[in-house]
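A.B. asks: Listed below, chain by chain, are the residues.
Protein chains: 2
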Amino acid sequence: MTTMRQLQSTITPEGELILALAEVPEPEAGPGEIKLRIEAAPINPSDIGLLTGAADVSQVSAVAGGISAPVPAAGMRAMAARVGQSMPCGNEGAGIIVAAGAGAEHLIGRRAAIIGGATYADFRVVKADDALLLPDGATAEQGASCFVNPLTALGFVETMRAEGHSAIIHTAAASNLGQMLVKICAADGVPLVNIVRSAEQAALLAGLGATHIIDSTAPDFMANLIAACKQTGATLAFDAIGGGQLAGQILTAMEAAINARPGGYSRYGSEVLKQVYIYGGLDIAPTVFNRGFGMAWAMGGWLLFPRMRVFGPEKFAALKQRVAAELTTTFASHYSHRVSLAGMVTPEAVAGWYARRTGQKYLVMPD
Amino acid sequence: MTTMRQLQSTITPEGELILALAEVPEPEAGPGEIKLRIEAAPINPSDIGLLTGAADVSQVSAVAGGISAPVPAAGMRAMAARVGQSMPCGNEGAGIIVAAGAGAEHLIGRRAAIIGGATYADFRVVKADDALLLPDGATAEQGASCFVNPLTALGFVETMRAEGHSAIIHTAAASNLGQMLVKICAADGVPLVNIVRSAEQAALLAGLGATHIIDSTAPDFMANLIAACKQTGATLAFDAIGGGQLAGQILTAMEAAINARPGGYSRYGSEVLKQVYIYGGLDIAPTVFNRGFGMAWAMGGWLLFPRMRVFGPEKFAALKQRVAAELTTTFASHYSHRVSLAGMVTPEAVAGWYARRTGQKYLVMPD
Numbered sequence: 001m002t003t004m005r006q007l008q009s010t011i012t013p014e015g016e017l018i019l020a021l022a023e024v025p026e027p028e029a030g031p032g033e034i035k036l037r038i039e040a041a042p043i044n045p046s047d048i049g050l051l052t053g054a055a056d057v058s059q060v061s062a063v064a065g066g067i068s069a070p071v072p073a074a075g076m077r078a079m080a081a082r083v084g085q086s087m088p089c090g091n092e093g094a095g096i097i098v099a100a101g102a103g104a105e106h107l108i109g110r111r112a113a114i115i116g117g118a119t120y121a122d123f124r125v126v127k128a129d130d131a132l133l134l135p136d137g138a139t140a141e142q143g144a145s146c147f148v149n150p151l152t153a154l155g156f157v158e159t160m161r162a163e164g165h166s167a168i169i170h171t172a173a174a175s176n177l178g179q180m181l182v183k184i185c186a187a188d189g190v191p192l193v194n195i196v197r198s199a200e201q202a203a204l205l206a207g208l209g210a211t212h213i214i215d216s217t218a219p220d221f222m223a224n225l226i227a228a229c230k231q232t233g234a235t236l237a238f239d240a241i242g243g244g245q246l247a248g249q250i251l252t253a254m255e256a257a258i259n260a261r262p263g264g265y266s267r268y269g270s271e272v273l274k275q276v277y278i279y280g281g282l283d284i285a286p287t288v289f290n291r292g293f294g295m296a297w298a299m300g301g302w303l304l305f306p307r308m309r310v311f312g313p314e315k316f317a318a319l320k321q322r323v324a325a326e327l328t329t330t331f332a333s334h335y336s337h338r339v340s341l342a343g344m345v346t347p348e349a350v351a352g353w354y355a356r357r358t359g360q361k362y363l364v365m366p367d
Numbered sequence: 001m002t003t004m005r006q007l008q009s010t011i012t013p014e015g016e017l018i019l020a021l022a023e024v025p026e027p028e029a030g031p032g033e034i035k036l037r038i039e040a041a042p043i044n045p046s047d048i049g050l051l052t053g054a055a056d057v058s059q060v061s062a063v064a065g066g067i068s069a070p071v072p073a074a075g076m077r078a079m080a081a082r083v084g085q086s087m088p089c090g091n092e093g094a095g096i097i098v099a100a101g102a103g104a105e106h107l108i109g110r111r112a113a114i115i116g117g118a119t120y121a122d123f124r125v126v127k128a129d130d131a132l133l134l135p136d137g138a139t140a141e142q143g144a145s146c147f148v149n150p151l152t153a154l155g156f157v158e159t160m161r162a163e164g165h166s167a168i169i170h171t172a173a174a175s176n177l178g179q180m181l182v183k184i185c186a187a188d189g190v191p192l193v194n195i196v197r198s199a200e201q202a203a204l205l206a207g208l209g210a211t212h213i214i215d216s217t218a219p220d221f222m223a224n225l226i227a228a229c230k231q232t233g234a235t236l237a238f239d240a241i242g243g244g245q246l247a248g249q250i251l252t253a254m255e256a257a258i259n260a261r262p263g264g265y266s267r268y269g270s271e272v273l274k275q276v277y278i279y280g281g282l283d284i285a286p287t288v289f290n291r292g293f294g295m296a297w298a299m300g301g302w303l304l305f306p307r308m309r310v311f312g313p314e315k316f317a318a319l320k321q322r323v324a325a326e327l328t329t330t331f332a333s334h335y336s337h338r339v340s341l342a343g344m345v346t347p348e349a350v351a352g353w354y355a356r357r358t359g360q361k362y363l364v365m366p367d
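Sequence lines, in order, name chains W and R.
Under the working numbering, the first residue of the first sequence is numbered 1, with each subsequent residue one higher.
Under the working numbering, the first residue of the second sequence is numbered 1, with each subsequent residue one higher.
Calculated from the structure, these hints are not laboratory results.
Just so it is clear, CB atoms sit at the ideal spot from N, CA and C, and this is done for glycine as well.
Hints are supplied without guarantee of correctness; some may be wrong.
Unchecked claim - Label pairs and their calculated CB-CB ranges:
#1 Ser-58(R) <-> Asp-283(W): 31 to 37 Å
#2 Pro-313(R) <-> Lys-230(W): 33 to 39 Å
#3 Asp-188(W) <-> Ala-298(R): 48 to 54 Å
#4 Ala-260(R) <-> Gly-312(W): 47 to 53 Å
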């Protein structure tokens, strides 16, 4: 039996996270399947929950093949379902098709992007139909982030259309995903309000041609946000941050903009539904809001694949097509750190990617 | 011109709330309309927002015909749309039909319940079709709370059915509304989890035959709530409290119950939608929650009349019919204080009803 390296995350019954490389059997492609040698896989915020669980990452120690960290007692309840299981990590990635089962042999030698977990490894087998074949000449780095960010950004616009809104507010808007969303909305004529957390991020988006850029650290943040809501009519927001007051502030600004329209006072606030979807947790602090935005409001989670199932396979295929066609333009990703499999689980690297800083993005390159 | 007394709430540009009786022209019934002499009108939590706005009610002073209180500067922004306007108050009430316009003359002498505002007054004119004629022998006190609480409780069950849930969690469950919901759910076979805030309230609901009663002040609150979620399968909650951690705790308990089913760990939590509607604000503190319940969750406002418009006029008429038929059983209300129009705006009375204590309910009886 041939073995390969695979990153696994394990939480022990004693309350310890072990995040380390393991030697596991190398998978083989069955009928209709392809086997990729992974060349590049991003560390997305959506990977980090599985990677570190509820561990206290400020107390990381180096162990053989990776790191360990304690899981506070308070965090163990939420971890109950995964205690003692070695979980492979990495939602997506890209690589060369090195083997294929019956019916997929013609794909050998092509480069493809995949999703489905266990991409922080030397090899991964998936169904050929689920992969996204990269255009000729595309590099693995260009294709590594084909699914999560591009489809999430496209999914926001589809959600807007499906739920009857006409503009979007996005937080952490200078992220790779946020930059894609700026380009998609410009191409599709969708008004977009970008909330960023620094003047540098604002400048970055201005350079991409973004129209509405609001810096949440500026003293006139709320006034600017209300003004942008008035200009765009936005009643839908996607929030990557989750913790703190931002989601509630967005609802408050939407309501203030609606109330500024002619029509006068309504004792329960406006009847226009104001929706914030929380799709990430860059700030793991509690969500806090004052309910000063009437009764027509909603907040909730937003997750890519359940949404895609609602949109249906035809829409999903069309969106994947668009990603492939615009891989190096709309959907270009940027990485600040490139690490090997072993290099992603040094104490320094873990501290780096765990911080989820906008502009600090890690790409895992097994070789 | 004949005048009558009407309670009005005014917030001045200088930041002062004036809540006092005014003399206004007595309204006359036009074609299809009826004129009621108001005999009884409840002070519901949903009335209090309009009554006191953002005023600091701990600083009430007596003025001619009522009280005044300062509005903190921070509260004035939310009040902008009503500054300087004298707002009549009182959502619902009951009384004798003393006059009627063309086509409604046959109703003179009947007792009816109404909704639509301005019921803290001597008289109110409404469309005859919008009133609910009380059964013979029903008192005004029995009919005073015909709309808001009964239709809200019925609306919860209709929402449950419309959105595909099969059980309900209710907070502040010992309220008049909560007691109605216990009876409705028993009659309709809907599993109901009642969250109360004291042993006395638990005993009250037990006396009504409620099955699942959870005291949020008990040390084993979360364990009991999770157990009740397991037993009922509840994935829908209606929260009257709004502030603090309760809404998030309910989502957490629902998710824990779902995760305890066979099926194992999912990195993003369960895909079962968990919904909490906040329909009141008994606690005006901020809403605070940890997002430890996966991504399939939603929180939002719930308001009676927009919902009823969605359900449609036939359903609305059927629900009103049920209220009239079960007025003295399912939909019986209890009042701890009976006050006159002038008596509702003494500093003592304002402090009493503003506190929104479960079991402390005011009925305004103009005469």
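A.B. asks: Quick check on a hinted range of 48 to 54 Å for Asp-188(W) and Ala-298(R), using CB atoms only.
C.D. replies: Since Asp-188(W) and Ala-298(R) have Cβ atoms about 26 Å apart, the given range 48 to 54 Å is violated.
A.B. asks: Return holds or violated for the Cβ distance of Pro-313(R) and Lys-230(W) against the range 33 to 39 Å.
C.D. replies: holds, 35 Å
A.B. asks: Could you check the hint for me, namely that Ala-260(R) and Gly-312(W) are 47 to 53 Å apart, CB to CB?
C.D. replies: Roughly 32 Å apart at Cβ, these two residues miss the hinted range, so it is violated.
A.B. asks: Starting from the range 31 to 37 Å, see whether the pair Ser-58(R) and Asp-283(W) falls in it by beta-carbon distance.
C.D. replies: Hint holds: Cβ distance 34 Å, inside 31 to 37 Å.
Hint compliance for this structure: hints 3 and 4 are broken, all remaining hints hold.
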